[in-house]
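Using the supplied hints, reconstruct the complex from the two chains, each of which is provided in its own coordinate frame.
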Amino acid sequence: MNKCPQCKVILYNHTDTCPLCHCVVEELEPAEEKRAKVKFGEGAPYPNAQRRHKWLRFALRLVLFVFVIVEALLILINHLTTPGFCWAAITGVALAYGYLFLLVWIRNDSGFALKVGLQILFTMVVLYEIDKFTGNYGWALQWAIPGTILLGDGIVFILMMLNRSRWFSYSLLLILMGVCSLGILGLYFIRVISNLVLPVICVAVTGIYLLATVTFGEKAMKRELGRRFHI
Amino acid sequence: MSSTYRICATLKEPVRRELLQEAEEKVLSQFETFRMRLRMGFFWYYFEENDRKAPEVQEESDYPGAYINKSRNNQYMFRVTYYRNRINLEVFHALTDGFGGFVFLKELVYQYLRLSHPEELAGEKDKLSTGIFLDPEDSYLKNFKKGADHSKAYGSRKAVVLKGEMLPKGEVSVLHGYFKIDELKAAAKAHGATINQYLVGNFIYAMYKEYLKGAPSKLPISCCVPVDLRKMYDSHTMKNFFVIVSAKFQPTKEDYSRDEVLDFVIATLKEQTTKENLETILSYNVSNEQNKFLRPIPIFIKNIAIRKVYNSSADTATATMTNVGNVELREPYQKYVEHFYAMLAMSKGQNMKGAICSYNGTLIVTFTSCLAERSIQKRFFQSITADGVEVAVETNEYTEEQPAEQPVKGKRKKKHEQVSTV
Ligand SMILES: [Zn+2]
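Chains as they are written, first to last, in the working numbering: chain A, 1 to 231; chain B, 1001 to 1422.
Looking at chain B on its own, in the form it has when it is part of the complex (with noise of 0.2 Å):
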């Protein structure tokens, strides 16, 4: 039931498995908080620590955000894929947030570089970065303030939910939106916005004008957008820790411009992202998982409970866009990984989702879809290089024609004479 998630790191020579398999083997026996499996209880699933071997790597061959099957993964909750040059790290939601998730990647990564170059990184020591933390603790239950106000937490009002022709179950289109951080940061100010709130603003015009059509509607086009909470809280917890706000745009007229979407959208997040309304939603999140009255209740019976009020809630949002922020590497390893990104996988009722990374001066957005149309990323990045932003595209589809492994001798063979061997 719980979601996962992907972030990625390209590095700029192809990944050899034996060496990743070590080097997860070496980070995750340090690594208490991904050193768990998930079980069930009567009334409670709960963690517990899992000593069994660390999950198998593995050669990257399914969509992003397929299902961990934990029996076969030594019921650990994430793995560590790789293809080519790219090393995968799939999460369960329920295990740790992004920020987590980032803390675990690096060090795979800088031991992963350690165990390739012993040579060149030879002054390194091969154990953690020091200054990481490794914090266990329960950053909601904490920071949460009892009896607060919560009636206005989550707004319960359906969104618009984007339809159209799927692609076949299990797969998923992803779409990556390379920029330069200078030039989007330049466009961004020109509309008096933050990167983050020009990009989910763009996203939201895109909906509206290629799945409304720029028509008026009934329901809002709504966009969950995540908070981080531990600068707030001044929290270093290695577990879940952010809330959820949502940029709301409901169209009432025809035809809004698209700096009228923005400047909506720029003042809504404004809006809902003051300190005292992340303390609501907090509390609100924290005080339902307290109900003594609940907590009694068979786990049988509070899962469908749960998928009911999961359903039914699972049209008040359209899409999410998160950002999981700026990649910084230690600098002896910087010079060999190209990019970092991250992607999230589908749930019920979001058919499109959008994940912002930024590593050296690049800001990666990823888009993961099961709609088989591709207007919204379309006009999204349209309306964006109409700014003057330069962007460079790269999606997950497959093509024979990709440079083979081994280069291959000779002239290279122009496009129209290649013959596909399917």
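Chain A extracted, bound-state conformation (with noise of 0.2 Å):
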């Protein structure tokens, strides 16, 4: 133990210089640094706690860097080899994608069902623009959307299986699920997509799904809805 004779105050750290003046400080004699210990007790020093804060942030900068630098030579290579497709912005558009993910993943603190929710939502939306980029052929709300809504049903079902006490928490999901199924089937009324095979698959497993789930677990699927649009 240490003293400040500017402050006059008593130094548990083991510094050279008085953490409140930057004067220079004097060592305890034994006999004083027994009696400030029974007078006030012992301290309880810290970790080094700056440590863990450079890794992460330097592993983050560090994936954000190798994926500009990847697209770089990407748009590089595309440019020397295929200048008339752009397809460089695709892999653009899907690291961007990857990122992304990963700081939603690391950083936010949601639930799981709304990181979820979100991820599917994302999703639709990527393979939407990058079927309005390369050229409009319509696969993305024919094919590619439904599935992914598909994928989505598949995915509340595990999370239910998986967490059987909770499985309720995840109905806001499925019925997320339900929403974009009926939003497809609407886009065939207004002729925006001429096949109609996916999206009634959709809307008959969610539908069924979303069915089984009211009629058996009404109760907890009551208070669930209940608590989340409590005004």
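Hints listed in this document are in silico derivations from the structure and should not be mistaken for laboratory results.
Among these hints, one or two may not hold up.
To spell it out: a stretch of chain A is covered by chain B in this simulated footprint if at least three of its residues, at any positions, have a beta carbon under 8 Å from a beta carbon of chain B; those stretches are [stated by the list, open to error]: (1) 19-25; (2) 144-156; (3) 184-190; (4) 203-215.
Restricting the straight-line Cα-Cα distance to at most 25 Å, the calculated cross-link-like pairs of lysine to aspartate or glutamate (DMTMM-like) are [said to hold, decoys possible]: (5) A:Lys8 <-> B:Glu1338; (6) B:Lys1180 <-> B:Glu1254; (7) A:Lys54 <-> B:Glu1279; (8) B:Lys1180 <-> A:Glu33; (9) A:Lys54 <-> B:Glu1059; (10) B:Lys1209 <-> B:Glu1279; (11) B:Lys1180 <-> B:Asp1259; (12) B:Lys1142 <-> B:Glu1276; (13) A:Lys3 <-> A:Asp16; (14) A:Lys34 <-> B:Asp1387; (15) A:Lys54 <-> B:Glu1397; (16) B:Lys1145 <-> B:Glu1279; (17) A:Lys34 <-> B:Glu1390; (18) A:Lys39 <-> B:Asp1387; (19) B:Lys1209 <-> B:Asp1062; (20) A:Lys39 <-> B:Glu1328; (21) A:Lys54 <-> B:Glu1165; (22) A:Lys39 <-> B:Glu1183; (23) B:Lys1189 <-> B:Glu1397; (24) B:Lys1348 <-> B:Glu1338; (25) A:Lys54 <-> B:Glu1171; (26) A:Lys8 <-> B:Glu1328; (27) A:Lys8 <-> B:Asp1228; (28) B:Lys1012 <-> B:Glu1025.
From the three backbone atoms N, C-alpha and C, an ideal C-beta is built for every residue, glycine too.
Structure (structure tokens):
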């Protein structure tokens, strides 16, 4: 233990200067140190927290750095090999998607269901954009997005099975899938899409799934929705 | 968005992780108010019982008040860490206030000690202490009076903001000051104040001298002082139940003496903590939540609105000084515990906060700050030592020279012989 001759305070830290006034400190005599310890008790030092902070920041920056370099390389290759077709834009979207994915899952602290929901919605948007960019063949709305909805149903099912005691936490996610299916079906009637196969499968699967949860888990479902929509 | 605080117990022996984990699991299973998770509805956030496994006890590796990532904490709103002899409990303030936090921490310490000293504490029943209350009532709602006049509850006047060179983002400087209660009491009495008023007064004086350099100011220095309402309303709730009053000091002329500032602060604190005023603030807090026009607004819009209000009100207070009171342990456990202390996490607009906690005759004032400078703390401790009170100081600065876990054989190296290994 030390003492600051300026502030007259006793110091637990093993430093050369006073943390308050930066004055060079004097070491306490053994007898004096003993007296201080009897009077105030033992101190409790802190760990080196700086190191950890730097590591996390560094890791995320490193990933971003690598992604930027990779994309720059891809743009260069794209330009040199197939200047007519801008495929590097797609890889750019994919890399940005990957990085955002990482940030949402590492940084964002919302519930698991919300993260999954956002991820599914975001995937749909990215698919739609890629379709539009590569010639607007309509495969995204017709096949890929309904496929994502079915995948979403599957994810909800797995989540409910894994967390059986809290299955109702994911019911809102299921309702979201239901709304999306109806939306896709609606696109047929306003003639945006022409094939009815996958949209109907989507509505049927999600609808039956929803009906089953309402029938067999009415009470828990009601409570969950009651809480979620409580005014 | 909710702020956190940390409360700690330092033992007289190194903490063992596995025992602390076991103690946490045992205590948590009996504490309903801590077994909660926060969920987002369409209009409100709400609490739901959390039946997941107890959060993992980890060795302390971050700054106090670092964000608790709930999705990596089994959705729990508190975290238990340890470092050498110290047990830390970090709690989201939305869960409970310091009173509730200490009820939990004390039971955690009792349980830990029963596990680590089974022979010596064999006579102790292996369960929660009798006589503690685990009441989950919302004492705000229960005790607020409808129709009370609360137009003047919170002044939204701006206050001085402490600026200066900041520490890197995420870093916090912690500084503990250890006092003996009887010395402090004598010094406070000489100024006609309670210990709390005396410490808040000296804090404001330190800000006035070091930040305003003793000059007049258009804005007041305003220090938030939370007041626990449990005694006043005879409540034993484990949830939040406090209001915030503020001690304000606005220098209108040059060079006030410390006695003048102290007298001023003592007077405003006395005036603020009357029963009527506390009741007014309580009703104001509750009536906002009860507003039937605000209730049906979707939560994401509320969040934006709250953030706006929060940001605009962030500069109505300069700092905070809270007193969590005296911690008392049951007799057989006392000899294993060295200290208790508390500290507050930083929040927008307030770059320095103080927390007071006492145990076994020693009172510890802990300043947390994100300012690189420590001149305000320096003035605070210098003023108190000038009153004849001895103080010992400890910071969270990491120094390589800390005594090793295993005592090194042979002569201890002298300071100037030490070579940094960084
Ligand atoms: Zn000094």
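task = Given the hint that B:Lys1012 pairs with B:Glu1025, test it: the Cα-Cα distance must not exceed 25 Å.
result = Within the cut-off at roughly 23 Å; holds.
request  = Compare the distance between the alpha carbons of A:Lys39 and B:Glu1328 with 25 Å, and conclude whether the hinted pair is satisfied.
outcome  = holds, 19 Å
ask   = Does the structure keep B:Lys1348 and B:Glu1338 at a Cα separation of 25 Å or less?
value = violated, 33 Å
message = Cut-off 8 Å, C-beta pairs, minimum 3 residues; does the coverage of the region 184-190 of chain A by chain B stand?
response = It is violated, with 0 qualifying residues against the three required.
ask   = Is the hinted pair A:Lys39 and B:Glu1183 satisfied, with a Cα-Cα distance of at most 25 Å?
value = holds, 12 Å
inquiry  = Under 8 Å between beta-carbons, do enough residues of the region 144-156 of chain A, three at least, approach chain B for the coverage claim to hold?
reply    = With 0 residues closer than 8 Å to chain B, the region 144-156 of chain A misses the three-residue bar; violated.
query = Taken at face value, is the distance from the CA of B:Asp1387 to the CA of A:Lys34 at most 25 Å?
reply = holds, 24 Å
message = Can you confirm whether the C-alpha distance between A:Lys39 and B:Asp1387 stays at or below 25 Å?
response = Given that 25 Å is the threshold and the Cα spacing comes to 18 Å, the pair holds.
message = For A:Lys3 and A:Asp16, compute the direct alpha-carbon distance and say whether it is at most 25 Å.
response = Holds, because 10 Å separates the two Cα atoms, which is no more than 25 Å.
message = For a C-alpha distance cap of 25 Å, please report whether A:Lys8 and B:Asp1228 respect it.
response = violated, 34 Å
query = Given the hinted pair B:Lys1209 and B:Asp1062, is their alpha-carbon gap at most 25 Å?
reply = Not OK: B:Lys1209 and B:Asp1062 at ~32 Å, beyond 25 Å, violated.
message = Please verify the coverage claim for the region 203-215 of chain A: does it have three or more residues whose C-beta sits within 8 Å of some C-beta in chain B?
response = Not satisfied, violated; 0 residues make the cut.
In the structure shown, a violation is registered for the earlier hints numbered 2, 3, 4, 6, 7, 10, 19, 23, 24, 26, 27, in ascending order.
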